[in-house]
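I would like the entire structure built from these sequences, with the hints used as guidance.
In the working numbering, the protein residues as written are 1444 to 1794.
It is worth saying that the hints were derived from the structure and are not from the lab.
Since the structure is predicted, the reported quantities are computational estimates derived from the model, not experimental observations.
Every residue gets a Cβ at the ideal spot worked out from N, C-alpha and C, and that includes glycine.
Mixed in with the good hints there might be a few duds.
As the list claims (entries may be wrong) - Quick list of simulated restraints, FRET-style, between CB atoms:
1. SER1554 x LYS1757: 41 to 51 angstroms
2. LYS1566 x SER1659: 20 to 30 angstroms
3. THR1570 x ASP1747: 24 to 34 angstroms
4. ASN1478 x TYR1755: 34 to 44 angstroms
5. GLY1451 x THR1510: 45 to 55 angstroms
6. GLU1567 x GLU1750: 27 to 37 angstroms
7. TYR1755 x THR1558: 14 to 24 angstroms
8. ASP1627 x GLN1749: 43 to 53 angstroms
9. ILE1657 x GLU1567: 34 to 44 angstroms
10. SER1664 x GLU1567: 56 to 66 angstroms
11. ALA1461 x HIS1580: 48 to 58 angstroms
12. GLU1567 x GLN1484: 54 to 64 angstroms
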Amino acid sequence: MSAISGIGIAPQLASLFANANTSNDVRFIKVSIENELLVHQLTIPVTSSFEDDLKLLQAPGVLENDTPAYLLAKVAPSDWIAISYVPDSAKVRDKMLYASTRASLLKAIGSTLFTDSIFATSKEDLTPEAYASHKRHISAPQPLSAREREMADVRAAESGSTYEGSRARANHLGTGVGLHWSQDLEEAVRRLGHGDGCEVVVIGIDRASETLVINSTSEASVETIGSSLPPFQPCYAFLAWPHSYTSPPRREIVFIYSCPSSSPIKDRMIYSSGVSSTFLAGKALLNEASPAIHVASRKIETSDPQELDEAYLKAELGLDVASYSEQLVGAPRDGEERKPFARPKGPARKR
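Put into structure tokens, the structure is as follows:
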């Protein structure tokens, strides 16, 4: 899954920025995401030097304590700074959305115009003193402070990693983007590992509490597993699949990430950010329950749950490699004895 959110830029914002780039009157342009579109919210004019004008950002109504925003700051006639303001107290899904959309914003308005970036988690990061500290840091490398590690977390989110702010919640399973595992879900996954049939546990995210919860549990046929998954919403699932494609046969636990193309953008971002951490946490939980439980090392990902069947799982898990290789080499026909490999003769010796 891509880390880019796919959110576009409003034409009015693009036009406003183009005019500001040729003007000497604009200091800050505030940009927000509304209705899955980047829009202009506020323009702050030049009143003094850039350092002094940073004080204007502390005024009431410019930045909110729990709402992310972008600030396009003009520091010179042809130089801009991209400021990502993502408060610690913002909702996790908003943090992820703004982190994944920043690259799209800069690309749309011209990333070459931006000579620096600032990642702020509070208004205190946008003061003249904080900016002076920022300049000292980029000119003289030094060990990362706790605040700077938080900034690195935001940058990591833009590259497709999981965002975890300094106050992100985590449980002993180590799930990403602050997601808890509900107690019922942990118990259901443990029971799945100790069963003997084909069963599936479907997992969703409760956005209000930012918790992984059970959507459903059921016995399932591998040929109809797609019908057990939501057709229009992303989900995770752990499938227990007994099969004989290995020697000896085994019951394999397979992690599935389903993200239908028609899913809302915000849901796709939230679920895609937690794929790896949910898989690893579930694997750790199953291995802790019993080392004998076999968890497939590969994840199954699909944008159409209806395509999931036995052939699809075999191909994605690499279980058909042996049979495919045999087809290439040539399997013996019925009643025909397999001949050993014959070493080719060397060149004739000269007399």
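query = Checked against the structure, which of the hints given earlier come out wrong?
reply = Of the numbered hints, 2, 3, 5, 6, 7, 8, 11, 12 do not hold.
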